[in-house]
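Chains as they are written, first to last, in our numbering: chain A, 5 to 428; chain B, 2 to 481; chain C, 182 to 296.
Calculated directly from the structure, the hints in this document are not laboratory data. Be a bit skeptical, because a hint or two may be false.
As the list claims (entries may be wrong) - Examples of chain C residues toward chain A, derived with CB under 10 Å:
(1) Gly193
(2) Glu195
(3) Lys211
(4) Pro226
(5) Ala258
(6) Leu263
(7) Val269
(8) Ala292
Glycine is no exception: its CB is placed at the ideal position from the N, C-alpha and C atoms.
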Amino acid sequence: MEFKYDVVVIGGGPAGLAAAYSAWEQKDTKVLIIERLEELGGILNQCIHNGFGLHYFREELTGPEYAQRFIDRLKETDVDIMLNTMVTDISSERVITAINPVNGCFEIKAKSIVLAMGCRERPRGAISTPGTRPAGIYTAGAAQRYANMDGYLVGRKIVVFGSGDIGLIMARRMTLEGAEVIAVLERGGVPSGLTRNIVQCLDDFGIPLMLNTTVVDISGRSRVESITIAKTDSRKNPIPGTEQKIDCDTLLLSVGLIPENDIPEATGVRMDPRTNGAVVYENDETTTEGIFACGNILQVHDLVDYVTSEAIRAGKGAAQYAKNGEPGSEGLLDVEVDTNMITYAVPQMIRPANVEKNVDISFRVRDRYEDSRIVVKDEEGNYVARYGVKAYIIPAEMQRITLPGKMLEKAKGSKIIIGIEKGE
Amino acid sequence: MYDVIIIGCGIIGAAAAYELSKYDISVALLEKENDIAQGATKANSAIVHAGYDPEEGTLMAKYNIKGASMMKGICEAFDVPYKQCGAFVLAFDDNDMQEVEKLYKRGKNNGVPGLRITGHDETLALEPHLSNNIIGALYAPSSGIVDPWDLCIAYAQTAVRNGVDLKLSNTVVDIVKMDDRFIVRTDKGEYETRYVVNAAGTHADRINDMVCEHRFTIVPTKGEYYVIDKKDSDLINATIFQCPSAKGKGVLVSRTVHGNLIVGPDADPQEDPDDTSVKQSALDYIMEASLRSVPTINFRSVIRSYAGVRANSDVGEFVIGEAPETPGFINLAAIKSPGLTSAPAIGLDAVDILKDAGLNMKKKNEYVETRKMIRFDELSAEEKNALIADDPHFGKIICRCEHVTEGEILAAIHDVIPALTIDAIKKRCRSGMGRCQGGFCGPRIAEIIARETGMPMTDILQGPVGSEILVAPTKSREEA
Amino acid sequence: MKKVVCILCPRGCEMTVTGEEDNIKVSGNKCDKGIDFAKTEAFSPERTLTSTVHISGGIHTMLPVKTSKAIPKDLMAEAVKLIGKAEVSSPVKTGDVIIANILGTGADIIATRDM
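In isolation and in its complexed conformation, chain A is listed as follows:
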């Protein structure tokens, strides 16, 4: 049996669902979603808390509800879905090798491909904490899956290391289930999760957030028995003499997410070391023709709503590629950032001729900036766009600007540069 599609979307989470729907909307496009698990929805299925959809649906939904809306939309389409199917390889000619129990090891030919495999959590190994290696150390997401989908608690006396949103959400969930969450530790001086989660997940339950604090040792041979924490200096290194032992049976890690980039890397897609994701053009196309990327495999988002809009762009781009091939790259603009203030921007390149009306650019800042505005300049230092003054711009929130295509026409030179300026 030969499988041939216009657009194949890899990953059935929020990015894949939206990308597939958007590709299908481009008339006469034969679309397939490949999902490695037994159902669609991805990580949203275990994110049972609310707070999703405020931008996209203008109402507050839980993770499963948000996923359900897109799953329901897809039911009205002829998009094919392959569950329990794992992609093991993608060639630069867009031949996908996949494995599942029904079809075995097989190939799918795609005119274009959307990579939407999401991200994974940084495990303990990635932070190299010394000490023993007992049971009781989990990523917050693994604990979330056990609690919300399997119905089990990973511990009773818990310390959360890292102030990422999943860690905060799990601190609340475990507390409501009767566990004691002793503290949430953050190596740096600023929490990495959203303020609303600090309030409703920690403050509501009197869970202390200990900033400038790290884990320097783990004890317990079979199961965690205690951890040793220490204060950190301005470079986030532990300060000797500040050690303090905490008895606990569990250490939950919420220390960052990494795009699931094995396949794009192996396919030879150009990667951006700042995002750990692919380098993309204005329509989320990677540097490998016909291969697109969106969602957390492209850059780690904090709001699923933004994943959705990025995925809609990718799905549309992929469908258009399937129909028309590669767009022209006349007047190609590099999207650069003022590296003192901004860490990265996505997309990294814009083909102006392929911009219909606007192009959305997302980026993250290095520090907190108050009463400041985002500006876009061209290579000669002229303003391409200036945005309204914001009370504050913070690293925990991905920033997004919509840049009208008309303004791009004004840009002189071969790049635009995004910066932050003090407002007046």
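Keeping the supplied structure of chain A fixed, place chains B and C upon it in accordance with the hints.
For chains B and C alone, kept in the frame of chain A given last:
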């Protein structure tokens, strides 16, 4: 009553058990942990040493050379990953070069094949990512790497298939010598045997002292390692050693048979034979020391750090043979490096030692001497398809980093030595060995173990006894 | 005077609430929604509660649920206990009421996915 009880199922005990399982005698293999290969076998450098290190005339030299020559054949028979990748001992200055020349001579005397000294240019031509500061190296093409867990597991599995009784979770607490037999007491029961083989690793001195004169003291010596993500591991082909010098004994940088890079170990004597906790100071040391050899190792791609405890001893030599004052008690003890390399030869010798000690045994007419593993990810598309058509569980990938299928996990669970913990399955299937370190597949594997064995999820262990991964059901599950 | 942080959206406005019941003043809010939130948060805080109930015959053993509207914060622990006692069987549709009017709050416990 058994003819032979072997205490300890690390690589030495397992190799001895396998060699003895070819004979018409009854053998029991006692292991204190709930899985095999849990001591030094679990955490070491995984090197098949060429044999230039041990001094001439020592048991270490003898078994190293013989073990290294047996390794390829045994790994082929058991389908154990092995690669002859060669090794370099780097010289950074004239003192190092003198050491290299000493090792070269010693290696020649020991009978190491193919040894030669390479200059700066040739060494860098062969290994372009080495430091430009080297002035030369000893090159040992016969050096190799092996999967030590799998070798131990293969030995033990085949021994069990040949009739050896493996008794896990049995800690020996006492041994009593009677006229014609020993009584071996464990925390689980009492076993009688005519011969005792002590392969208890870091606990071997304690076992020896239960029934023999004190002849050696184990000095448990910890060594820390870093494991680097495969994507940043393609820096070297051979194993890269440093010369011992005033700055320390040096660390190695090596590939694993699975394609990762490992860096380590430190050597830190300690009291506790089982303490494998990792110290930051040791990690810092191995990082700094390894960068002298290979300056471009990307330590941001570390996926795991671990420590192993070697059974070094105060005699500086293997203790192998029957205790003269306690006939029937055989030590295969104080097996420090090159213990892994020596294991096949020591196991083979255990047969002769027992024969010399008066145990009459005849080779069986038939016994198993091969083992086959399904490693799905290494198969061709056709082979994968055939396997999935036969058993759809092979079409379901559970560990996404290492592409381990449910079929392989089921095979491990239902093996002659059932793998019933997440770590036991990891040791056999590599699930959780990749860059996400089991974050995703851990819960899935726990579910599969529970489903296959009927154990409640709250009883599933990460590894050792007491390492339950879950403490309780959530409220809504508890009520149901 | 009470300080409250808005949780309605990711912006997280820090607001100040002054005055008494019939003359409450809110400052620091960046949108109108913040005013109502601040008033409630200062005097009788409410939260939407999410949890799971046991389900038989579904693809998973746990079904995610939530309160159909925010309930008083101090009732959350009790509500979780009550939700724990509920048991449903597949099929369930998103929005199906699992427990009506939990603890007399006027909020229902509803399913948040099909299963």
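Quick rundown of the hints versus the structure:
The closest approach between the C-beta of glycine 193/C and any C-beta of chain A is roughly 3 Å, which is under the 10 Å cut-off, so the hint is satisfied. Because the closest C-beta pair between glutamate 195/C and chain A is about 8 Å apart, less than 10 Å, the hint holds. Among the interface hints, the one on lysine 211/C holds; its C-beta lies about 7 Å from the nearest C-beta in chain A, closer than the 10 Å criterion. A least Cβ separation of about 8 Å between proline 226/C and chain A falls short of the 10 Å threshold, and the interface hint therefore holds.
Satisfaction of the interface hint for alanine 258/C is found here, the shortest Cβ-Cβ separation to chain A being roughly 7 Å, below the 10 Å cut-off. Checking leucine 263/C against chain A: minimum C-beta separation of about 12 Å lies over 10 Å; hint violated. Evaluation of the valine 269/C hint against chain A yields a violated restraint, the C-beta minimum of about 13 Å exceeding 10 Å. Of the supplied interface hints, the one on alanine 292/C holds, with its beta-carbon coming within about 9 Å of a beta-carbon of chain A, less than 10 Å.
The structure is inconsistent with the numbered hints 6, 7, although it conforms to all the rest.
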